[in-house]
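S.K.: Between the sequences and the hints, there should be enough to build the whole structure, so can you do that?
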Amino acid sequence: MRPRMSVRTSENPAPSHVFEIRGGSVNVPALRLFCSDIPAIIALLQERIQQAPEFFRDAPVVIDLHALPVDGEPLDLAELALALHQNGLVPVGIRSGEPGYQLAAKQAHLAVFSEVRHEPSPRPAEAKTPPAKLPEPKPEPRPAAVPTRIIQQPVRSGQRIYATGDLIVLAPVSAGAEIMADGNIHVYGSLRGRALAGVQGNAASRIFCMDLQAELVSVAGHYKVSESLDPSVRSKPVQVYLSNDALIVEDL
Amino acid sequence: MARIIVVTSGKGGGGKTTTSAAISMGLALQGKRTAVIDFDVGLRNLDLIMGCERRVVYDFVNVINGEANLNQALIKDKRCDNLFVLPASQTRDKDSLTQEGVGKVLENLSKDFDYVVCDSPAGIERGATLAMYYADDAVVVTNPEVSSVRDSDRMLGILASKSRRAEQGEEPIKEYLLLTRYSPQRVKLGEMLSVDDVQEILSLHLLGVIPESKAVLNASNSGTPVILDDKSDAGQAYGDVVRRYLGETVPHRFLEEEKKGLFGRLFGG
Ligand SMILES: Nc1ncnc2c1ncn2[C@@H]1O[C@H](COP(=O)(O)OP(=O)(O)O)[C@@H](O)[C@H]1O
Ligand SMILES: [Mg+2]
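Quick mapping for you: the protein sequence lines, in order, are chains A and B.
By my numbering, the letter at position 227 of the first sequence is numbered 227, and the numbering carries on one by one without gaps.
By my numbering, the letter at position 30 of the second sequence is numbered 282, and the numbering carries on one by one without gaps.
Errors might be hidden in some of the hints.
[Said to hold, decoys possible] Derived contacts from chain B toward chain A, CB cut-off under 10 Å, selection only: (1) ALA374; (2) ILE376; (3) ARG378; (4) THR381; (5) VAL398; (6) ASP403; (7) SER404; (8) ASP405; (9) LEU408; (10) ILE410; (11) LEU411; (12) VAL439; (13) LEU454; (14) LEU456.
[As the list claims (entries may be wrong)] If the Cβ cut is set under 8 Å, some of the chain A residues that face chain B in the computed set are: (15) GLN153; (16) PRO154; (17) ARG156; (18) SER157; (19) GLY158; (20) GLN159; (21) ALA171; (22) PRO172; (23) SER174; (24) ALA175; (25) GLY201.
[Claimed, not checked] The calculated label-pair distances, taken between Cβ atoms and stated as ranges, are: (26) A:ALA111 - B:GLY421: 28 to 34 Å; (27) A:ASN244 - B:GLY264: 34 to 40 Å; (28) B:ASN360 - A:GLN102: 57 to 63 Å; (29) B:GLN451 - A:ASN244: 38 to 44 Å; (30) A:GLU54 - B:ALA418: 56 to 62 Å; (31) A:LYS236 - B:LEU458: 26 to 32 Å; (32) A:GLU47 - B:GLU508: 52 to 58 Å; (33) A:HIS17 - B:GLY421: 18 to 24 Å; (34) B:GLU419 - A:THR148: 25 to 31 Å.
Hints listed in this document are in silico derivations from the structure and should not be mistaken for laboratory results.
Backbone N, C-alpha and C define an ideal beta-carbon position, used for all residues, glycine too.
M.R.: Below, the structure written as structure tokens:
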């Protein structure tokens, strides 16, 4: 159940026509920084943007400062936010427990996202069970599971589809179309366009397809164009994956 | 409320205008009140194919600009009372068409007509996107060659994302494949894609196959939609298409090389 409340005012337009506040969660990628060197951050970012320009265009991003070395140079948050904007991203907030950064965020009109993860409220049955033993040290919070995106319609020439998790296409992907995913890609129609798995750098992601006629296949930035695909795998059911930085295309 | 049909393809010279003329005449002959609009501002030729080029006073752009009303601009066909042509402007530039203006004209036509057929210009520019924006149905005219199929595929992508129905999250435009200028001989020689090849690439409902035919040129030279030439293969094929569109089950014809007649079969090699 998502919380849902209407806000009432004494003014005349019916409140339901003004706005509604709805609980909800959006999936915003986080830029987790390991150093505060802005030129280095931007240089790497630009490289990533080139690999998946569509994914990054106007994409909101949260700047995660938790992994910054405590004794390192402090980060100039305002400058980083500006540089992100200049590269087509939309920084929406930061994640940090540091009061200094939280203040800087406020001044840069960035939201501060609390560190506590909003877990779904426990169901009554769970709530009643008494803790059996002392709470163990809390494991690293797991990232929320990203739902798989399923496409049932043909992906046409000129269309681009991006999935933050896995992508399953139950129809053909035309020449001139582009499908991308952070995770794995499955195509059950003919794959004639471009398919890029692991566009955020996940080298373990794979492409599976029933009929490989692709213009390009790529896993985590390692790609092959049609011309360099071995004729023995053309028009076959195959999988594409990375092994020691080499792109393997192999019969299923 | 009229149903709005766009005849589109992406590529020029594929047979869109030929098809728009044939389908609109075919629908009118089936008793449907039909209007056909030429969206090809600057390159108008629907009026030529319909044989009404000498009766053009006002055009589509005049109506959009409020310089004429629809009744003044619509040209009534001399052969069929149910059919009206709204010609394109030859003199204005393409920007004269606005989304709002087109929307108003279509809304007005919708009150009086059963079908409005929009003959799209080539390309994926303004004229073409406006012609499809308000469509309920799309007839995607494709020739059996790789580049034409690719263009149609691109057009289908645009139909699926940039139409009014798509933007408002309504039921998507119904898409139909019409394969035109089909030559079984050339398919056999491997010079052209077969119906199956095209179907396989586009995965779309096949509305019909129009053979490559001399009758088309003759018809356009005489300003008669080819569907009126019911002795011709292309005319019959368009007749089938209209009946299929209206829900009849009609087997596909003209997919195979013409068989020799009885005489030919008895005495031919
Ligand atoms: N089935 C056909 N057989 C032979 N010629 C055709 C056929 N369909 C169209 N044509 C010819 O192709 C040319 C372009 O047709 P047209 O309908 O004007 O295409 P478009 O409107 O898509 O540009 C014209 O010369 C026309 O006579
Ligand atoms: Mg034309």
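S.K.: Determine for every hint whether it applies to the structure shown.
M.R.: Hints and how they fare:
The beta carbon of ALA374 (chain B) comes no nearer than 16 Å to any beta carbon in chain A, farther than 10 Å, and the hint placing it at the interface is violated. Given hint, ILE376 (chain B) at the interface with chain A, holds; its Cβ is 8 Å from that chain's nearest Cβ, closer than 10 Å. For ARG378 (chain B), the interface hint is violated, the least distance from its beta-carbon to any beta-carbon of chain A being 17 Å, above 10 Å. For THR381 (chain B), the shortest C-beta to C-beta distance to chain A is roughly 13 Å, which exceeds 10 Å, and the interface hint is violated.
Contact between VAL398 (chain B) and chain A, as hinted, is supported at the beta carbon level, the nearest pair being about 9 Å apart and thus within 10 Å. At its closest, the beta carbon of ASP403 (chain B) sits 8 Å from a beta carbon of chain A; the interface hint therefore holds under the 10 Å criterion. This hint holds: SER404 (chain B) has a C-beta 9 Å from the nearest C-beta of chain A, less than the 10 Å allowed. With a least beta-carbon distance of about 4 Å to chain A, the hint placing ASP405 (chain B) at the interface is held under the 10 Å criterion.
Taken as an interface hint, LEU408 (chain B) checks out: its beta carbon lies about 5 Å from the nearest beta carbon of chain A, inside 10 Å. Given the 10 Å rule on beta carbons, the hint for ILE410 (chain B) holds: about 7 Å separates it from the nearest Cβ of chain A. For LEU411 (chain B), the interface hint holds, since its Cβ comes within 10 Å of a Cβ in chain A; the closest pair sits about 9 Å apart. The closest approach between the C-beta of VAL439 (chain B) and any C-beta of chain A is roughly 20 Å, which is over the 10 Å cut-off, so the hint fails.
The closest approach between the C-beta of LEU454 (chain B) and any C-beta of chain A is roughly 8 Å, which is under the 10 Å cut-off, so the hint is satisfied. At a threshold of 10 Å, the smallest CB-CB gap from LEU456 (chain B) to chain A is about 8 Å, leaving the interface hint in force. This hint holds: GLN153 (chain A) has a C-beta 7 Å from the nearest C-beta of chain B, less than the 8 Å allowed. Of the supplied interface hints, the one on PRO154 (chain A) holds, with its beta-carbon coming within about 5 Å of a beta-carbon of chain B, less than 8 Å.
The restraint placing ARG156 (chain A) at the interface with chain B holds, with a minimum CB-CB distance near 3 Å, inside the 8 Å limit. With its C-beta approaching chain B no nearer than about 4 Å, SER157 (chain A) sits inside the 8 Å limit, and its interface hint holds. Contact between GLY158 (chain A) and chain B, as hinted, is supported at the beta carbon level, the nearest pair being about 5 Å apart and thus within 8 Å. Below 8 Å, beta-carbon pairs count as interface contacts, and GLN159 (chain A) has one with chain B at about 4 Å; its hint therefore holds.
Annotation: ALA171 (chain A) was flagged as interfacial toward chain B, and the flag holds, the nearest CB pair being 7 Å apart, inside 8 Å. For PRO172 (chain A), the interface hint holds, since its Cβ comes within 8 Å of a Cβ in chain B; the closest pair sits about 6 Å apart. About 5 Å separates the beta-carbon of SER174 (chain A) from the nearest beta-carbon of chain B, less than 8 Å, and the hint is met. With 8 Å as the threshold, the beta carbon of ALA175 (chain A) comes within range of chain B, its nearest partner Cβ sitting at about 6 Å, so the hint holds.
This hint is violated: GLY201 (chain A) has a C-beta 28 Å from the nearest C-beta of chain B, more than the 8 Å allowed. Between ALA111 (chain A) and GLY421 (chain B) the CB atoms are about 30 Å apart, so this pair conforms to the stated range of 28 to 34 Å. Judged by the Cβ atoms, the range 34 to 40 Å given for ASN244 (chain A) and GLY264 (chain B) is violated: they are separated by roughly 50 Å. Checked against the given bound of 57 to 63 Å, the beta carbons of ASN360 (chain B) and GLN102 (chain A), roughly 59 Å apart, stay inside it.
Taken as a hint, the range 38 to 44 Å holds for the pair GLN451 (chain B) and ASN244 (chain A), whose Cβ atoms sit roughly 42 Å apart. For the pair GLU54 (chain A) and ALA418 (chain B), the supplied restraint of 56 to 62 Å is violated, since their beta-carbon distance comes to about 19 Å. Between LYS236 (chain A) and LEU458 (chain B) the beta carbons are some 27 Å apart, a value that agrees with the proposed interval 26 to 32 Å. Taken as a hint, the range 52 to 58 Å holds for the pair GLU47 (chain A) and GLU508 (chain B), whose Cβ atoms sit roughly 56 Å apart.
About 20 Å separates the C-beta atoms of HIS17 (chain A) and GLY421 (chain B), a value consistent with the hinted range of 18 to 24 Å. With their beta carbons about 26 Å apart, GLU419 (chain B) and THR148 (chain A) fall inside the hinted range of 25 to 31 Å.
In summary, the structure is inconsistent with hints 1, 3, 4, 12, 25, 27, 30 from the numbered list given earlier, while agreeing with the others.
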